[in-house]
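Heads up: the sequence lines are chains U and X, in that order. Under our numbering, read the first sequence as residues 979 to 1092, first letter to last. Under our numbering, read the second sequence as residues 436 to 552, first letter to last.
Everything labelled a hint here was simulated from the structure, so no lab data went into it. Quick caveat, the model's predicted, so the values are computed rather than measured. Warning: the hint list may mix true and false statements.
Stated by the list, open to error - Examples of chain U residues toward chain X, derived with CB under 7 Å:
#, residue
1, F1082
2, T1084
3, G1085
Said to hold, decoys possible - In silico DMTMM-like cross-links for lysine to aspartate or glutamate, where the CA-CA straight-line distance does not exceed 20 Å:
#, chain 1, residue 1, chain 2, residue 2
4, X, K501, X, E522
5, X, K499, X, D523
6, U, K1079, X, D533
7, X, K476, U, D1063
Glycine included, C-beta positions come from ideal geometry on N, C-alpha and C.
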Amino acid sequence: AQSVTQLGSHVSVSEGALVLLRCNYSSSVPPYLFWYVQYPNQGLQLLLKYTSAATLVKGINGFEAEFKKSETSFHLTKPSAHMSDAAEYFCAVESNFGNEKLTFGTGTRLTIIP
Amino acid sequence: GAVVSQHPSRVICKSGTSVKIECRSLDFQATTMFWYRQFPKQSLMLMATSNEGSKATYEQGVEKDKFLINHASLTLSTLTVTSAHPEDSSFYICSARDRSVGPYEQYFGPGTRLTVT
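Just chain U, same shape as in the assembly (with noise of 0.2 Å):
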């Protein structure tokens, strides 16, 4: 079984500060993890995926995430937030035994303060 936990249901930041979004994950497999980003009545788009190549992934929009087996975590960061990261944030993760589906976290919604 799988299953992801994201620490924060809101995170708020200030326009040029840090963003830390924070994922757990479970799996009994080596997993595939990811984040997704969610604007307002849209489908979800691919942020950036770990599918066990580096540890540190770099993925669009000036976001990476660091894949940490020790502590199985897969956080999201951004060194410096523009007003239009505001959105909701998910994180999800599938076993890379092939079964294929994504297990999604409870979200983050991420808000910037001018």
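We have chain U; now place chain X onto it with these hints.
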């Protein structure tokens, strides 16, 4: 990049009627498509996995007779909500997997907002 479309984007229907939602992969062949449901301010819940040419696999608790899924071609899957009721009102999102590009990323459609009155 790979594009997935959904139609319609919004639909309002009366209680007791049926509504069909289409999910299309526009520039790739999707052997597998997924249907999700999202309630306001909540996460995505997988409803079913749809494989081209075979019956869909439903998640536990999802009524297969109420949510009919058909994956007739490598670019089209449909979700039909039968005898809709107000509690079926939700945001439905599909995704498609392009097996020719791995490891395996799901491309999401823009979603369909269903309101049952």
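Tested hints:
{"no.": "1", "hint": "F1082", "result": "holds, 5 Å"}
{"no.": "2", "hint": "T1084", "result": "holds, 5 Å"}
{"no.": "3", "hint": "G1085", "result": "holds, 5 Å"}
{"no.": "4", "hint": "X:K501 x X:E522", "result": "holds, 12 Å"}
{"no.": "5", "hint": "X:K499 x X:D523", "result": "holds, 14 Å"}
{"no.": "6", "hint": "U:K1079 x X:D533", "result": "holds, 14 Å"}
{"no.": "7", "hint": "X:K476 x U:D1063", "result": "holds, 17 Å"}
The structure is consistent with each of the numbered hints, conforming to all of them.
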